[in-house]
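Number of protein chains: 2
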Amino acid sequence: MLELTICLDPAGEKPLYQQLYDSLAEQIRGGTLRTGDKLPGKRSLASQLAVAVNTVDTAYQMLVAEGYLEARAKSGFFVLEYVDMLPQAGRSGAEKSRDGSEEVPSPAVRFDLSTGAVDTGLFPFRTWGRIQKELLYNGEKLLHHGHRQGDRELRRELAEYLRAYRGVVCDPGQIVVGAGVEYLLGLLAQLLKGHGGFREMTAAVENPGYDRPRTILENNGIPCRCVGIDGGGLDPVELEESGADLCYVTPSHHFPTGVTMPVGRRAQLLRWASAKPGRYILEDDYDAEFRFDMRPLPSLQGMAGPDGRVVYLCTFSKSLAPSIRIACMVLPWGLMEEYGRAFGSYSNTVSRFEQQTLRLFLEGGYFTRHLARMRGAYKGRMEQLAEALEKAFGRDGIRLSGRHTGLHLLLELPGGPGEKEMIASAMREGVKIKGLSEYYMERKELCGENCVILGYASLRDEEIGELVEALRRAWRQ
Amino acid sequence: MLELTICLDPAGEKPLYQQLYDSLAEQIRGGTLRTGDKLPGKRSLASQLAVAVNTVDTAYQMLVAEGYLEARAKSGFFVLEYVDMLPQAGRSGAEKSRDGSEEVPSPAVRFDLSTGAVDTGLFPFRTWGRIQKELLYNGEKLLHHGHRQGDRELRRELAEYLRAYRGVVCDPGQIVVGAGVEYLLGLLAQLLKGHGGFREMTAAVENPGYDRPRTILENNGIPCRCVGIDGGGLDPVELEESGADLCYVTPSHHFPTGVTMPVGRRAQLLRWASAKPGRYILEDDYDAEFRFDMRPLPSLQGMAGPDGRVVYLCTFSKSLAPSIRIACMVLPWGLMEEYGRAFGSYSNTVSRFEQQTLRLFLEGGYFTRHLARMRGAYKGRMEQLAEALEKAFGRDGIRLSGRHTGLHLLLELPGGPGEKEMIASAMREGVKIKGLSEYYMERKELCGENCVILGYASLRDEEIGELVEALRRAWRQ
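Chains as they are written, first to last, in this note's numbering: chain A, 1 to 477; chain B, 1 to 477.
Hints are computed from structural coordinates only; laboratory data are not their basis.
No distinction is drawn between identical chains; accordingly, a pair holds when it is met within one copy or between any pair of copies.
Straight-line alpha carbon distances no greater than 25 Å define the calculated SDA-like cross-link-like pairs of lysine to any residue that follow:
{"no.": "1", "residue 1": "K141", "residue 2": "T127"}
{"no.": "2", "residue 1": "K74", "residue 2": "G435"}
{"no.": "3", "residue 1": "K14", "residue 2": "G167"}
{"no.": "4", "residue 1": "K133", "residue 2": "D119"}
{"no.": "5", "residue 1": "K434", "residue 2": "S401"}
Here the structure is a predicted model, which means the values were calculated and not measured.
Next up, chain A with everything else stripped away, as it sits in the complex:
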């Protein structure tokens, strides 16, 4: 049972919930409360402190909102890893993080193989910084409102890049730049529902798959149906049966299984979309830049053409950084008029300084060079990891898939102890990984039992040996 030292002063200037919040936050920052610690139940703590349950509840909610605690359904409140997100420098006489210590990740996690990370060491700081500085020194014009779809010059560069590298067929007038794919998906949902949201529709999403698109579509009043994945990606028969009007899909590189949809299946999807009015495919090309073996298949959008039934979505989260919020979507001409009607008065959500930095980065050819460099680095890392794993477990001891494109591998341990145990024992060795079954929103029974996902993007090459050794210890059979 956790020991808590909390002094509240009912006569104090601050309200009790604030005092309780301050005290708990302090203990988390100071390390008295540690990652994973379970806090007392609200009622029990309230009676212990002789305060109302509401007071404890408010303090807990504040701590959850601030990222100190995590609320787990039906089991209570747990302390999250405390990492102050303060950059260390940035001011003269810079402060350290609030508790006076350097920023140290929790000692428990030595290797974080979650997906969604990138290798920040590859970020082109020098060029990006130079462009940014030049723009700011000449930037008075960039302070004014820009085009609602994003600066025209950026959209010209994007159209050209998408045409050349992804076979997307579009005019800059069809491109909408926005602060992340999530934001754009939200707009799209409103657009497709008919702004005002009165048209009833449902969307098919991939299972297994990302859960965020589903959350966003459902938050925008579009219920989702799960459609299964086979060796060719999303199953068109299940799609037809689902009765969906929209289909969210990742054909270049299915997340998380890594399947690339073959061209015949793509044609089937396009036929599905054209078979009824109002059907659209939402093609998320989230990491197609990182194909290692050959040029990626052109996008579905390219097969459908600029008047087709495909909305193309792509992000710069992986190719630049997750914290630089730039994504874009390509709408078919048939939706542009409605787009203008619904969102004609909206401002663009991306700072024009960052839009223009990206434009000049694309225009100067820096982006393609940067991609080539990243692709090389990630490919090397992936191969090194795969080799080390095969050496440690034997070629028959594991099965690796998803090697042709990045930034994660699937690892199966035939006859292993089961996914849950694999994750737990890896965690005991300091390796944080996710299981494939986490990405099944329904029918988890279809998931292989011994399959985990290794996101290697933020791994350092020189750590690979140590990581594989830790996994071998965790899973030795």
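Following the hints, position chain B against chain A.
Below, chain B alone, put in the same frame as chain A:
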């Protein structure tokens, strides 16, 4: 009748609509087609060129999307003012705008008094640039995903600033940072409807008022009712009668009439909100920083407290620049849990580099100094303009209101020729202004007949004499 020279090549590589688009865009950029020119009807142009109506339609839609044309309901397509948004510099060997010329605003408009502009000459380029550069050089950590509500350190600074300057009572955990008030209003609409959007509700909006909040709420499935404004702001009797659940309001400085809501009326609004469960006030404090006569009244949110029924919204569009997309909202604790459920997996929409630049700008005290400087400059400009107007028209010849806060004045010309004629004759003298009636979404008959709005934020002090002279010529009686 407009003469068009268009050559299409049916055997050409580009599709016909693209050729037509290119040709028209070229003529607009080159000045052959001029601002305000009406294009031929689709059918007529199609038959003239011997192409399908669809071809013309697609080309016109592309031109609308690109900002070359404007579609006016029931009257056709008109050429918009062409201003290339390219910054001139930013690359070595920089290119000029596409048509080879310098960027020149249409010679017709000498003074643009639309609201929404800011004086970009006041932007703190040097400090902002220095902070940005320091952050980038130490910025590897800032490349990772940050907190979904915005970086914690930024939210601490915002909470402190809002407390000190706007009387907002909140914890950083209640603040959500986002890429513009529009984006945040959209999230809020989804949150209040219960994510999924099944709860039926309506919102009251101010009439006259901004139309964008109404557009956003309606796009998110919340129908709006217009509620009138009197000398104390939004009318609480009409609000009660409207049956609305939400009330969007600008109490510090009603847009566009400039009314500040007195404290008694504020209390009435808060009583309205507490009278039924599920009622919320959305307080938009869009330009309260620019109060010239005295310290602004504290926010409604401050009167209601951190658990009250007020969501507070504010933007940095006016105090920094419209193109730097940072705004924030303060949610009551009662909504935070639902916020976490609905948007727990969303990424924040503001680049962390800009978040941290703003944080250090606030933390270093630069922001309050910058505001003081802006306030001084705007106040001086407003007074100079008001004096010059009173001198030119005589104290009884015009009525000015909205002088205590920024960044626009209302000008009434008693016995004048009517708003439409005032706008048209000003335009003939090169002055672009808007009429008050444009902000009436309903019941335009309540609007005074001779009232226009003068946004003076981007005016140069030395131009004021010339501007007032132009208005005197336009409206001489």
